[in-house]
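Asks: Listed below are the residues making up each chain.
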Amino acid sequence: MHRNNLLAIGAAALVSVGFVACGSDDKSSDSGSSTTAGASTPATLNGAGSTFAAPLYSEWGSKLKEQDITVNYQPVGSGAGIAQLAQGTVDFAGSDPSLTPEDVKTLTKGTPVQIPIAFGAITASYNVEGVEAGLKLDGAVLADIFLGTVKKWNDPAIAKLNDGVTLPDTAITVVHRSDSSGTTKGFTQFLAAYSPTWNDGPGVDKDIKWPVGTGAKGNDGVAAAVKQTDGAIGYVEQAYALQNNFTFADVKNKSGAFIAPTLESTTAAGAGIDVPKDLGISVIDSPNPEAYPIASQTFAISYDDLCKAGMSKANAAGYVAFLDYALGEGQNVAKELSYAPLPDDVKTPAQAAVDALTCNGAPAKG
Amino acid sequence: MEASAIKARLTAPLGERSGRARAADPAFKWLLTGLAALILVLIAFFFFFLAGKAEPAFSKFGVLGFIFDNDWNVSKSIYGALPLLVGTLITSVLALVIGVPVAVATALFVTEMCPARFKSPLTVLIELLAAVPSVVYGLWGIFVLVPFLKEPSQWFADTFDFLPFVGGTVAGPNYFIAGLILAIMILPIVSAISREVMATVPTDHKEAALALGATRWEMIKTAVLPYSRRGITGAAMLGLGRAIGETIAVVLVIGNSPTIGKQIFDQGYSLAAVIANEFGEAANDPLHSSALIAAGLVLFVLTLVVNALARWVVTRAEKKNGKAFTGSTITAQTPIATVVSES
Amino acid sequence: MSTTAILPTISKRRRRSDMIARGTLGFFTAIALVPLGLIIYYLLSKGLGAWSWDFFTTDPTGSFLGTQGGIKSAILGTLEMVALATIIAVPIGIGVAIYLVEFGQTSRFASIVRYFVDVMTGVPSIVFGLFIYTTLVVAGTGGSSFAGWKGSLALALLMLPVITRSGEVVLQLVPQSLREAALALGTPRWVVTMKVVVRTAIPGLVTGSLLAVARAMGETAPLLFTVAVVNGTTFNLNERMNSLPIQIFQDVGQANDQLVERAWGAALTLVVLILILTLVARLISRRSQFS
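Chains as they are written, first to last, in my numbering: chain Z, 609 to 974; chain Y, 75 to 417; chain U, 1314 to 1604.
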C-alpha cells in the first residue's frame, strides 16, 4: 500500500524533475557576427519602466517579432525602470521624464543615452454617473481635487467652469499611483505650475506623498481603480483611457483654451519645443494655443556603448534595429494608439543619437 | 537463513558486528548535526545581513525615529515608518476583532454542539480556507468584497459616525476590507488550534457540569472556556502573527496611502505592502532600499515577538492543563492549518 | 421518589440564554463558511469561463491590444520552481527533523535549533524574498540577476521549517519500542534511524512535505523580487521565469477585462493544483494511520 503510493509520487516527482532537467530552451543563443542590418540575427531585449509607454512597447514588440527581435518589457514604472537599468538587470529603461542629474549618477555602466520615442496625453479620467465626457477642468481645480480640498463633484469650483452641466453630489475618490511613475511626475509638474499650494506641498516627483486617495500600481492599475469606483478621478495615459472607454476632461492650457486630449492636440504640444543636446525634452504645459497641456514625452534609455554596458553584439544590433523601427515605421503604429509622432526637429537629432550607438567602439548597427 | 546460522548471529557478541556499518554511525550523526547547525547559521546570517543593510536608514533617522516618525515621503527621501506600522497594527487588530470570535465560535460548535457525522466535513471546510493562496484572496477581495461592501460600509459609516474611527466616505480599498480579509485568512489557524485546545478539556469536568444540571451553554461557559482560555489566547496571537506578516492580500486592498487614516474606512499602508510596492524602484536608491529593508526588519522582529509570546502563552497553558496540544498529532484529522500556515 | 422530582427544573431564562447562545454559535459557524462559499462560487463562475485548451497551451502575449494569451508559462514556471524548491527543502528539512528527534532529545543545542525552526515558521514570506534579493539577485550570482533558482531558494526557505516541524511530530510518534527492538538486535544506529524509524514514518513525512509544497505553490511575495516577470516559457532555471501567483498578481490590477478573466482562470488553476496536492496528502495520511 505505502509502496504503491510512494511509487506514484516518486514517478510524478521524476517527471517534473525531468521537465526541468532536459528542457534547455536557451533563448540567449547568439551568433558572433551579423552581416545584414540587424534583422536576421535573433535578438532578445529586456526592458522595463514606464507604464505610460507600455502599450507602445508591446505593439512594437509584436511587430518586431517578424524581424526576429523579441522585446520583453516589464511595465514597472519609470522609477523602477531606471533602477533596473542601473542595476544591470535590463538592457534598456522606459522613462517619461528626462534623466535628472541624480539618475545619471546612478547609471555607471557608461554614458546614458535617452532617445525620445513618442508623445502621449495624460488624461484626467473620471467615472461619475451622469457626467459625460469633456468636463472642463483647469490646473488649479485639479490640484485642489488631488489635495483633497475639493471633495465633491458638485463643488462650486468645478461648477464655475462647467456652466450648464448638472453635477451630482457624489464624493470624489482620488486615484493616484502607488509606484514610482513618470506619469506622476508629468502630472504633478502640470499641477505645480498652476497651484502654489501643490508646489509647496506634495511637489513634483515620480513618487510623492499623496495627501488623499487610493494608490494603484501602474497606469493600468489606476485605470482599473477608476473603472471600478463611482466618483473616481485618476490620471491615466490616453491609450488606457481609450481602451476602457473612459470619460476624460478638457483641460485648460496655458493660453486659456479648454482642450481635449486628441492626437492633434498632443502633436501640437510637441511642436516648436526646445531640443537640448542630451535630447532631454519636455512637453508639459506647452504654450501652443492648440496644445493639450498635460502631454508627456517618453524615452528609451540605455548607454552609448551598448556592449560595454553588458549587451551581446547581436542584442546591441537588435536594440539599434528596434530604435530605428521606433523612429521610423513605429511612429505610424504609435498614431494608431493615439500617441503623437515626433516632429522632425526632435526626430532628426534622435536618429543621429541612435546612429551613434556603439558596440565596443564599433557602430552597433548590424 | 538456516536456524543455526540465525542462532549463531543472535548469540554472537555484539562487538563482532561489521565495523564498517558501525563507522557510519558517527558520520551519520555529524551529517545531521551539520544540517541542524545549518539552520542556525542561516537564521543568524539572515538577521545580521538584513540588519547590516538596514543600518544606513537606522543611523540616518535613529531607530526610534525611523519607527515612530509619521512621514513616509519617498520624493523627499524622508522615511518615517509610523503610518506603515499603524496600518499594519490597525488591520491586524481588526482581523483579530472580527476573526477570533468567529473562529472560537466555530471551534466550540464543532467540539461541543455538532452532531458527530458533521464534525469531519465541517472541519475540512474550515481548513479549506487555508488552502486558498494569498493572491487569490486579494483577487477576490478587489472584485467581490470591495464592490459588495461599498454601500453597506457607507451606510454603516453614516449611521454610526458618532463612534470613534467610524465615518467619512467609503471609497474602495480601505483598512476595514484589509482587516476583513485578514480575519478570513486567520480563521482556519485560530479555529484549528482552539479546537485542539478544547479537545483536551477533561470530559469529567464537562460531565460534572452537565450532571449538576447545567445547560449546554452553561457547561461551555463554566467547564470549557475557562480551561481553554490560555490556549485560545495563544491561538489568537498566532493568528495575529500571521496577519502582521501578510503581504499580497493586503497590498491589493489597503489603498496604498502612506498616511494614517482617521477612520477604518480610510486608505492606509502596511509594512509588508510598502516593501512589495516600492522595492522595484528602490533598487537603486541606497537610502530608500535601506529604509525598505529596515521596514522588513521591523516586520520580522514584530512577528518574532508576537510568535514568541504566543508560544509562551500556549506552553504555559499546556503545562497547566497537563496535556500537550498544538500539533501533537498529525493524522488525517489534523487540521491542515496547523501545519500549513501561509503568510 | 423519582430523581426528576428532586432536580430543579431549568428556568425559562436559562433555557432561553442557552438557546440564544447555541444559536449564536451556530450562526457564527455559518458565517465562517460564507466566505468559503463565496470564494468557491466566484472562482468557478469567473474562472471556468477562462479555461480553454488555448488557455493552458499559450503563453501570455503581453500585448496591449488584441489577444492576451493564456498561462502556459506561468503553470510550467510554478511547477519547475516548486519542484526545485522541494528537492532542496525536503532532504534538509527531514534531516533536521531526524536530528531533533533521534539525537536531540536532551541537548541544549537541539532545543535552540528547535526554537529557531519555530521562529522561521513565523517569518513573513516577503522577508525571505528580500533576503534572497539582497544576497543573490543584486550580486548577480550565477551570472544572472533574476533567476528561477533564486525564487526556488526563497520558496525552499519557506518550506523548510514546515517540513521540519511536521516531520518532527511524525517521527516522535514512531513507538520507542520499535527503535529499542532494532537496537537490541545489534543494528547500527543509522540503520535503525533510516530503515526502521523513517520508513515507518514515511507516510506522515510525505504528507507534511506535500502540504509544504502546496503552500509554496501559492506564495507570491518571495517571488516578487527574485524571478521578475516574463511572458515566454523557459526551462532554464537560471533565467527569469513566470509563475502562477506572479501572473495573477500582475493581472489583478488591470482594467483590461480579458486580463481580469485570465486572472480568475489562473486563480482557479492554482487553487485546483493546491487542492489536488492537499487531497493526495490527506489520502496518504489517512491510509496509513497507525495511532
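Check the hints yourself; a few may be wrong.
Cβ pair distances, simulated, as ranges [what the hints assert, rightly or not]:
#: 1; chain 1: Y; residue 1: Asn144; chain 2: U; residue 2: Ile1323; range: 55 to 61 angstroms
#: 2; chain 1: U; residue 1: Gln1571; chain 2: Y; residue 2: Pro189; range: 44 to 50 angstroms
#: 3; chain 1: U; residue 1: Gly1362; chain 2: Y; residue 2: Leu163; range: 36 to 42 angstroms
#: 4; chain 1: Z; residue 1: Ala970; chain 2: U; residue 2: Leu1361; range: 52 to 58 angstroms
#: 5; chain 1: U; residue 1: Tyr1428; chain 2: Y; residue 2: Pro238; range: 36 to 42 angstroms
#: 6; chain 1: Z; residue 1: Lys768; chain 2: U; residue 2: Val1347; range: 44 to 50 angstroms
#: 7; chain 1: Z; residue 1: Gly718; chain 2: U; residue 2: Val1347; range: 55 to 61 angstroms
Residues of chain Y placed beyond 12 angstroms of chain Z at every Cβ, according to the derived structure [as the list claims (entries may be wrong)]:
#: 8; residue: Lys103
#: 9; residue: Lys150
#: 10; residue: Val220
#: 11; residue: Phe230
#: 12; residue: Thr274
#: 13; residue: Ile328
#: 14; residue: Val348
#: 15; residue: Ala357
Lysine to aspartate or glutamate pairs mimicking EDC-like chemistry, simulated, CA-CA at most 20 angstroms apart [stated by the list, open to error]:
#: 16; chain 1: Y; residue 1: Lys103; chain 2: U; residue 2: Glu1493
#: 17; chain 1: Y; residue 1: Lys393; chain 2: U; residue 2: Asp1431
#: 18; chain 1: Z; residue 1: Lys943; chain 2: Z; residue 2: Glu898
#: 19; chain 1: Z; residue 1: Lys955; chain 2: Z; residue 2: Glu872
#: 20; chain 1: U; residue 1: Lys1385; chain 2: U; residue 2: Glu1574
#: 21; chain 1: Z; residue 1: Lys759; chain 2: Y; residue 2: Asp232
#: 22; chain 1: Y; residue 1: Lys224; chain 2: Z; residue 2: Glu898
#: 23; chain 1: Z; residue 1: Lys671; chain 2: U; residue 2: Asp1372
#: 24; chain 1: Z; residue 1: Lys817; chain 2: Y; residue 2: Asp145
#: 25; chain 1: Z; residue 1: Lys744; chain 2: Z; residue 2: Asp838
FYI, nobody ran anything at the bench for these hints, they're computed from the structure. For clarity, every value in this text was computed on a predicted model and none was experimentally measured. Built from N, CA and C at the ideal position, the CB exists for glycine as well.
Asks: Are the hints correct? Go through all of them and say.
Replies: Comparing the hints with the structure gives:
1. Y:Asn144 to U:Ile1323: 55 to 61 angstroms: With a Cβ separation near 56 angstroms, Asn144 of chain Y and Ile1323 of chain U satisfy 55 to 61 angstroms, so the hint holds.
2. U:Gln1571 to Y:Pro189: 44 to 50 angstroms: Check passed, 47 angstroms falls within 44 to 50 angstroms.
3. U:Gly1362 to Y:Leu163: 36 to 42 angstroms: At roughly 39 angstroms between Cβ atoms, Leu163 of chain Y and Gly1362 of chain U fall inside 36 to 42 angstroms, so the hint holds.
4. Z:Ala970 to U:Leu1361: 52 to 58 angstroms: 56 angstroms, holds
5. U:Tyr1428 to Y:Pro238: 36 to 42 angstroms: 40 angstroms, holds
6. Z:Lys768 to U:Val1347: 44 to 50 angstroms: Roughly 48 angstroms apart at Cβ, these two residues keep to the hinted range, so it holds.
7. Z:Gly718 to U:Val1347: 55 to 61 angstroms: Roughly 59 angstroms apart at Cβ, these two residues keep to the hinted range, so it holds.
8. Lys103: 26 angstroms, holds
9. Lys150: Label violated. Min Cβ-Cβ 8 angstroms, cutoff 12 angstroms.
10. Val220: At roughly 7 angstroms from the nearest Cβ of chain Z, Val220 of chain Y sits no farther out than 12 angstroms, so the non-interface label is violated.
11. Phe230: The assertion about Phe230 of chain Y holds, with a minimum of 16 angstroms to chain Z.
12. Thr274: 30 angstroms, holds
13. Ile328: 9 angstroms, violated
14. Val348: Answer for Val348 of chain Y: violated, closest chain Z Cβ roughly 9 angstroms.
15. Ala357: 4 angstroms, violated
16. Y:Lys103 to U:Glu1493: 18 angstroms, holds
17. Y:Lys393 to U:Asp1431: 19 angstroms, holds
18. Z:Lys943 to Z:Glu898: Measuring from Cα to Cα gives roughly 18 angstroms; hence the hint holds.
19. Z:Lys955 to Z:Glu872: At roughly 18 angstroms apart (the allowed maximum being 20 angstroms), Glu872 of chain Z and Lys955 of chain Z satisfy the hint.
20. U:Lys1385 to U:Glu1574: Given that 20 angstroms is the threshold and the Cα spacing comes to 15 angstroms, the pair holds.
21. Z:Lys759 to Y:Asp232: 16 angstroms, holds
22. Y:Lys224 to Z:Glu898: This hinted pair is violated, its Cα atoms lying about 41 angstroms apart.
23. Z:Lys671 to U:Asp1372: 17 angstroms, holds
24. Z:Lys817 to Y:Asp145: Between Lys817 of chain Z and Asp145 of chain Y the Cα gap is close to 9 angstroms, so the pair holds against 20 angstroms.
25. Z:Lys744 to Z:Asp838: Judged against 20 angstroms, a Cα distance of about 19 angstroms means the pair holds.
Of the numbered hints stated above, those contradicted by the structure are hints 9, 10, 13, 14, 15, 22, listed in ascending order.
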